[in-house]
Amino acid sequence: MKKTTELSLKSIYTLYAVVFFFVVMGYTGALWYFTAFDSVVIWISLGLAVTLLVLGGALLWTMRVKLRGMIGKVDDIVERAINRQERMTGYEETSISALENKVHRYVDMSMTHEKNIEAEKSKIKALISDISHQTKTPLSNIILYSQLLGEVAGLDEESSQYVDRIKLQSEKLDWLIESLVKMSRLEAGIISIQTASLPVVGAITQAISQIYSAAERKGIEVRISCDANVKARHDAKWTSEALFNMLENAVKYSESGGRINITAHSSEMFTRIDITDTGMGIEEKELNLIFRRFFRSKRVAEYEGVGIGLFLAREIVTAQGGYIKVTSKVGEGSVFSVFLPVL
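As numbered in this note's numbering, residues 44 to 386 make up the sequence shown, in order.
Some clues are possibly wrong.
[To be verified] Pair by pair, the computed Cβ-Cβ distance ranges are:
#, residue 1, residue 2, range
1, E264, S172, 38 to 46 Å
2, D270, L211, 35 to 43 Å
3, F337, L170, 14 to 22 Å
4, E259, L170, 35 to 43 Å
5, H308, L332, 25 to 33 Å
6, L170, G197, 43 to 51 Å
7, T180, E327, 24 to 32 Å
[Said to hold, decoys possible] Straight line, CA to CA, 30 Å or less: simulated DSBU-like cross-link-like pairs of lysine-lysine:
#, residue 1, residue 2
8, K145, K225
9, K295, K341
10, K145, K109
11, K109, K166
12, K341, K368
13, K116, K158
14, K168, K109
15, K109, K225
16, K158, K168
17, K166, K261
18, K368, K295
19, K225, K210
20, K328, K274
21, K261, K280
Please keep in mind that the hints were generated in silico from the structure rather than gathered at the bench.
As the structure is a computational prediction, the values presented were derived from the model and not from experiment.
Just so it is clear, CB atoms sit at the ideal spot from N, CA and C, and this is done for glycine as well.
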């Protein structure tokens with residue numbers, strides 16, 4: 044930036060010098076013409092022209108040197124303020140000292156703000172950890188006890204149904220709390236997503252393995268078409284989480300005997316992963332709403348869910364420098380396209 048500024052100033056100086064030269068020479072030429080090339084006038088005007096050119100050049104050179112020195116001084120002031128070094132001008136009552144004082148104040152305010160943000164993040168992290176810990180243990184115990192109760196011999200049918208409901212609802216609550224904790228950590232920037240250039244097939248197969256049993260129970264065919272050399276800069280663990288959330292919806296909202304196709308290919312800038320299903324589809328007016336937190340269409344009220352899966356998926360993909368696009372037709376199915384950066 045500094046080099047660019049110097050080049051721009053050099054161009055301005057050159058332009059002014061050229062204009063000044065032509066003005067002086069034009070004035071001298073006009074003077075010669077109107078005085079019929081009088082020798083005395085010629086010598087006087089030549090001397091005046093040379094003097095003006097020298098003075099003008101000296102003025103431009105002096106301004107250039109001073110401006111360069113000023114830019115260098117401002118650059119040093121900013122650098123010293125950022126590195127928390129001793130003030131360069133002290134507390135003199137000059138314009139440059141006033142500027143240095145303002146820069147130091149701005150840097151101090153920025154650092155204080157940054158420290159406050161970090162402190163808030165630490166508090167949120169501690170709070171989330173406490174919530175997760177305080178709820179995880181009781182829920183795990185409830186699930187365990189319900190499993191033990193289900194194994195007790197001699198339970199009548201009604202009691203068995205109650206036990207199954209307790210177990211099912213406990214598992215739902217456990218999943219919900221876990222999802223909310225993930226969501227909170229992502230929003231607070233607590234989770235560190237480590238991206239690297241890796242084949243995407245690993246994240247895809249990991250996500251498929253989590254929904255395969257559910258798809259098999261509904262007779263849904265799952266196909267994958269992905270070359271082992273297709274790479275993207277991503278965190279395999281979290282990308283798998285995002286893909287799982289989309290695949291889970293594909294299974295949930297597809298009729299028995301449906302199909303899910305997963306394809307992946309790379310372009311110059313992005314790797315694209317398409318998840319195509321033959322589900323119920325999404326209304327056009329809801330395409331911009333489905334990634335909102337807790338959004339659920341009235342059409343899927345009969346299905347289980349709380350509306351945070353797609354929100355989490357988008358947050359994860361966005362955190363990796365990517366984005367998600369959706370195309371859908373009601374009654375025909377949907378295509379969720381995940382774009383992850385190649386570099």
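For each hint, the structure was consulted:
Taking 38 to 46 Å as the suggested C-beta distance range, the pair E264 and S172 conforms, at roughly 41 Å. In this structure the supplied range 35 to 43 Å holds for D270 paired with L211, their Cβ-Cβ distance being about 40 Å. For the pair F337 and L170, the beta carbons lie near 20 Å from each other, so the given range of 14 to 22 Å is met. A hinted range of 35 to 43 Å holds for the C-beta pair E259 and L170, which are about 40 Å apart.
With their beta carbons about 29 Å apart, H308 and L332 fall inside the hinted range of 25 to 33 Å. A beta carbon spacing of about 45 Å between L170 and G197 agrees with the range 43 to 51 Å that was offered as a hint. For T180 paired with E327, a C-beta distance near 45 Å fails the hint of 24 to 32 Å. Between K145 and K225 the CA atoms are separated by roughly 41 Å; this puts the pair beyond 30 Å, and the hint is violated.
With a CA separation close to 15 Å, the supplied pair K295 and K341 stays within the 30 Å bound. Using a Cα cut-off of 30 Å, the hinted pair K145 and K109 holds, with the two alpha carbons roughly 22 Å apart. Between K109 and K166, the direct Cα distance comes to roughly 50 Å. Violation of the 30 Å bound is thereby established for this hinted pair. With a C-alpha separation of about 22 Å, the suggested pairing of K341 with K368 holds against the 30 Å cut-off.
Only pairs whose Cα atoms come within 30 Å are accepted, and K116 paired with K158 is accepted, the gap being roughly 29 Å. Proximity of K168 to K109 is assessed by CA-CA distance (about 52 Å); at most 30 Å being required, the pair is judged violated. Distance restraint check for K109 and K225: the Cα-Cα separation of roughly 56 Å exceeds the 30 Å cut-off, and the hinted pair is therefore not satisfied. As the CA atoms of K158 and K168 are separated by approximately 15 Å, the hinted pair is consistent with the 30 Å bound.
As the CA atoms of K166 and K261 are separated by approximately 44 Å, the hinted pair breaks the 30 Å bound. Note on K368 and K295: the hinted pairing holds, with a Cα-Cα distance of about 20 Å set against a maximum of 30 Å. For a cut-off of 30 Å, the pair hint linking K225 to K210 stands: about 23 Å separates their Cα positions. Distance hint between K328 and K274 is unfulfilled; the C-alpha atoms sit about 34 Å from each other, more than 30 Å.
With a CA separation close to 27 Å, the supplied pair K261 and K280 stays within the 30 Å bound.
In this structure, the hints that do not hold are numbers 7, 8, 11, 14, 15, 17 and 20, in rising order.
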